[in-house]
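*Asks:* Protein chains in written order, with this note's numbering: chain L, 1 to 230; chain S, 1 to 230.
Don't take every hint at face value.
Unchecked claim - With a straight-line Cα cutoff of 25 Å, these simulated BS3-like cross-link-like pairs (lysine-lysine) come out:
(1) S/LYS202 to S/LYS147
(2) S/LYS124 to S/LYS30
(3) L/LYS44 to L/LYS124
(4) L/LYS147 to L/LYS224
(5) S/LYS92 to L/LYS30
(6) S/LYS30 to L/LYS92
(7) L/LYS224 to L/LYS30
(8) L/LYS92 to S/LYS92
(9) L/LYS202 to L/LYS224
None of these hints come from the bench; they were simulated from the model.
Model, not experiment: these values are computed from the prediction.
There are 2 protein chains.
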Amino acid sequence: MAMTLYELLGADDRRFSPFCWRARLALAHKGFDADRVGVRFCDKELIAFSGQTLVPVLVDGETVVSDSWNIACYLEDTYPDRPALFGGDAAKPLAHFINTWADYTQRTTLTTLIVFDIFNHIEKIDWEYFRSHREQRFGMALEDVQKNRDRDVAVFREALQPLRTVLESRPYIAGEAPTYPDYILLGTFLFARTMSPFKLLKEDDPVYAWRARMLGLFDGMATKAIGYPC
Amino acid sequence: MAMTLYELLGADDRRFSPFCWRARLALAHKGFDADRVGVRFCDKELIAFSGQTLVPVLVDGETVVSDSWNIACYLEDTYPDRPALFGGDAAKPLAHFINTWADYTQRTTLTTLIVFDIFNHIEKIDWEYFRSHREQRFGMALEDVQKNRDRDVAVFREALQPLRTVLESRPYIAGEAPTYPDYILLGTFLFARTMSPFKLLKEDDPVYAWRARMLGLFDGMATKAIGYPC
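Excised from the complex, chain L in its bound form (with noise of 0.2 Å):
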């Protein structure tokens, strides 16, 4: 049975959450195409029936996941024939430090960067609760959050060093093939990538290279998706 994910929707189609495309290239690595379902940020009661409020959710069956975390870890453990996400009970737990040490930086560096495109690039009907919830989270307007970006970019360079550190000494976070903490990473760059024209990376960093390779993975699903050329 085909499974299905609801995914964040932003404008033209724009599927912009980065914990969504966690959701699908996790399913991209195991293998399943799920049927795909836009929920705009008034659409929660499209997904009510998972007993919260936030994507993605995953349906497979009878089971119904939701938590992008926790869809890597019931794939991982209801599929353990199909290509490990993780490779082993040891770095799971070390690919979840990871997990949140991406969500703090993204949350702290990135969405600075971008929050006015991301506004822009939502449908009018979200609006006036995404304006009003991220206007009360940075204490000023939408507008004037970004507005240092050409400045402020430096502050998410810098905090992507761990990052880079390991792309030094080999193409993937866990070495030559793309696992789990990839995907999380891709997904802050995919989020970037579908609401904002703003160049995040300089072309001689080792992430620029490593992302180039990401986009490509499963025949370049990520760089058909809507959005801007990095």
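Using the hints provided, position chain S relative to the given structure of chain L.
*Replies:* Only chain S this time, still in chain L's reference frame:
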């Protein structure tokens, strides 16, 4: 044959390098009790045999290994029958990511809180080197770097969020027992504890309880070292 670990040495026999602590904890995990040689900043000739200028340096028979990460990998590869530091090939590169994250967090958010305390606990012969080197890095007098630490400590605590999140669901980073990522992070806290009385953590922080568990390891080895109570 006994191993020898060359460690950074402050005044009053304080062994304060976070990187040397990582090596010492890795040795303890593997069940080794190395001889220890203190090296002040001005004592670089003591480790000239290693072909570089930084501690830790481990000497194991004919083998000389420098750099804490290299030492951990050397111990794991050379003594596979002793307790595993990483728990498998898939976990090791992710531990390397955490190693780099810890370096970055320490450099950007912790050292600023305690750098003048460090100066006050190294021997006078190292003062000129330390002050000129660190004042160049921070662009101000050592006395001024940490003067707003009651406010700046919030940035350090917030940067620990990835550690905090994983510790909310398990006692150690990788699960039920300490592994090398725990020693990496404990090294950061021992660096501070050895040189500064400043309180880094709130008592209701899961990181606080984890640190207390870690301090009790190896028959309280870390708490017996010269330093301040946490």
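*Asks:* Is S/LYS30 close enough to L/LYS92, meaning Cα to Cα at most 25 Å?
*Replies:* Holds, at about 23 Å.
*Asks:* Regarding the pair S/LYS92 and L/LYS30, is the alpha-carbon distance no greater than 25 Å?
*Replies:* holds, 23 Å
*Asks:* For the pair we were handed, L/LYS147 and L/LYS224, check the Cα-Cα distance against 25 Å.
*Replies:* Given that 25 Å is the threshold and the Cα spacing comes to 29 Å, the pair is violated.
*Asks:* For the pair we were handed, L/LYS44 and L/LYS124, check the Cα-Cα distance against 25 Å.
*Replies:* holds, 16 Å
*Asks:* If you draw a straight line from the CA of L/LYS202 to the CA of L/LYS224, is it 25 Å or shorter?
*Replies:* holds, 22 Å
*Asks:* Is S/LYS202 within 25 Å of S/LYS147, Cα to Cα?
*Replies:* holds, 20 Å
*Asks:* If you draw a straight line from the CA of S/LYS124 to the CA of S/LYS30, is it 25 Å or shorter?
*Replies:* The given pair, whose Cα atoms are some 36 Å apart, is violated under the 25 Å limit.
*Asks:* Straight-line Cα separation of L/LYS224 and L/LYS30 no greater than 25 Å?
*Replies:* Between L/LYS224 and L/LYS30 the Cα gap is close to 19 Å, so the pair holds against 25 Å.
*Asks:* Against the 25 Å threshold, does the CA-CA distance of L/LYS92 and S/LYS92 hold or violate the hint?
*Replies:* holds, 11 Å
Hint check: violations occur at hints 2 and 4; the rest are consistent with the structure.
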